[in-house]
Amino acid sequence: MLKINSVTKQFGGIKAVDDLSFRVKKGHIHSIIGPNGAGKTTLVNMITGVYKVDHGTIFLDGADITNITTDKLVYRGICRTFQNLEICENLTVLENVLLGFDKYMDKSIIKSCFRAKSILEDEKRHKDRALHLLSLIGLEKIANQKAENLSYGILKKLEIIRALGTSPELILLDEPVAGLNPKETAEVADLIKTVVADEVTIVLVEHDMKMVMQISDYITVINFGKKLAQGTPEEIVNNKDVIRAYLGSGVVC
Amino acid sequence: MFMGYAGQVSLGHGAFAGLGGYIAVILSSNYELSPLFSIFISVITMAILAFIISKPILRLKGHYLAMATLGVGVIISIFLNAEDELTGGSDGMSVDSFSIFGYEFTDNLQWYILCAVLLVFTIWMFTNLVDSPFGRVLKSIQGSEKAANSVGINVSHYKSIVFVISVVIATISGSLYAFFSGFISPAEASFSHSIELVVMVVLGGLGRIYGAIIGAVILTILPQLLTSFEDYQTLIYGAIIIFIMIFMPKGIASLFNDMKRRLLAKDK
Ligand SMILES: Nc1ncnc2c1ncn2[C@@H]1O[C@H](COP(=O)(O)OP(=O)(O)OP(=O)(O)O)[C@@H](O)[C@H]1O
Ligand SMILES: [Mg+2]
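Line order of the protein sequences matches chains E and X. Position 98 of the first sequence, counting from 1, maps to 97 under numbering that gives the first Met the number 0, and the rest follow consecutively. Position 246 of the second sequence, counting from 1, maps to 245 under numbering that gives the first Met the number 0, and the rest follow consecutively.
Treat the hints with care, as some may be off.
[To be verified] Coverage of chain E stretches by chain X, computed from C-beta distances (three or more under 8 Å per stretch; other residues unrestricted):
1) 76-90
2) 111-122
3) 160-166
[Said to hold, decoys possible] Coverage of chain X stretches by chain E, computed from C-beta distances (three or more under 8 Å per stretch; other residues unrestricted):
4) 127-140
5) 148-157
No wet-lab data here; the hints were simulated from the structure. Backbone N, C-alpha and C define an ideal beta-carbon position, used for all residues, glycine too.
Please build the complete structure, drawing on both the sequences and the hints.
And the structure:
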């Protein structure tokens, strides 16, 4: 579904991502792992059009999507979440989820000014859909609370739910459980496995090895922007290069 | 709205109001168009102008955006002063009387009614707009541009639209004010006028439609109470901004909200 074809991104002297190629199969949970600074977030930023690709191409279902802007990619079915939370704290929980449906909503200025019936009905319909999404993670009770009052763990989940509103075919999750306690981590893992993976192909960037090994179908390991290894979770835990460069160093597990 | 809902600061809106006023006045005086039609043309012209300058200017953020709008404002102001054949230079120019479809506006009462109607209508429209999905997009841009972008919102496009809307409103108010006072001078487009607008919004409360109106009322009445301090007007505005920023960052309108909340809490 997604094909990364020898992409490179350079910041000043460092090559954050260096001639990297791999493919993501439709329906997979495909994890990208690697030590801090390996270039994982940079890769996500290139796929989602936040950074311009220096060299190489990116294909989605055979179509070249290299350097298409983030907002246009949402209409192509790609959405992402952020390593450092990006939630609109000035909005309520429900409004944040409604943002996810933005691409389906009528935002004609004239109609909005006059409270056109079609706009109100449209909003009502999407509110129901947003509440349904929230109910999947048991948050419909706090739908009308301001996001700024909520815990980090809840907001991390909210970000995933918001992304689901765009009905993506491919979702990129950048460290969805970073900073969460074991209970919250289990909840997010569950959310990813049961809700998201049902309909959406997932690219998962994560340091939590337990979770990665549990839920991934396939793993790509990168180090210093280059591909170090790839394979199923069993292949990766037994790969000597990976053990030496990463798992064995005692950073994780 | 540009400031309060999309989190942008413009120090040029006084100048936009002034220029919009001039265009309307010149069209009606020199080309004998009806006042209403002149304002209409002025609005269209200013909207196009705003759209064109919005593209480069809105790439800037925070202080840089404020400085750039300030720069545009100063250019407009200099232009209005220099083109004295067209604008009467620093002396300003007198304005024909105002009429709508042949109905002449002669006394203040008529003006009050017109402005009140327009004001109520504008508030109603903007309250609707802010409560709509369009308004939510603007608030999300203020909350997190990255988040907005990640769900498919073209952030710079919306910033442009809001900028254009705010310039259109400035143009209408600038034009009406010129027709009302029967006179227009570059002072309308001056830097201090822009500052005054910013103070109104900040004083009343960012992110609230009626906040700006509370601010406007106070700033209109205040100078009349303080006529003896006229020389220090800018100084007083500065002090107000600093005071508000420190003690009530959400403006006066937020005080009412707090009171409302406390009253509701008591009921329970
Ligand atoms: N905008 C930027 N400007 C300059 N250098 C950058 C930028 N973004 C990333 N880098 C550099 O690129 C390299 C890879 O960073 P990246 O954030 O992609 O790593 P990561 O694999 O996501 O790490 P982590 O696990 O800590 O999130 C790092 O050396 C980083 O300093
Ligand atoms: Mg990262």
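Proximity test - 8 Å, beta-carbon atoms, the region 127-140 of chain X to chain E, at least three hits: With 10 residues close enough to chain E, the hint holds.
Residues of the region 111-122 of chain E with Cβ under 8 Å from chain X, three needed, outcome: This one holds; 7 residues, not fewer than the three required, reach chain X with a Cβ under 8 Å.
Coverage of the region 76-90 of chain E by chain X, judged on three or more residues with CB within 8 Å: Coverage by chain X holds for the region 76-90 of chain E (10 residues, Cβ < 8 Å).
Verdict on chain X covering the region 160-166 of chain E, where coverage means 3 or more residues with a C-beta closer than 8 Å: Coverage by chain X holds here, the residue count being 4 at a Cβ distance below 8 Å.
Stated coverage of the region 148-157 of chain X by chain E [criterion: 3+ residues, CB within 8 Å]: holds (count 7)
No hint from the list above goes unmet by this structure.
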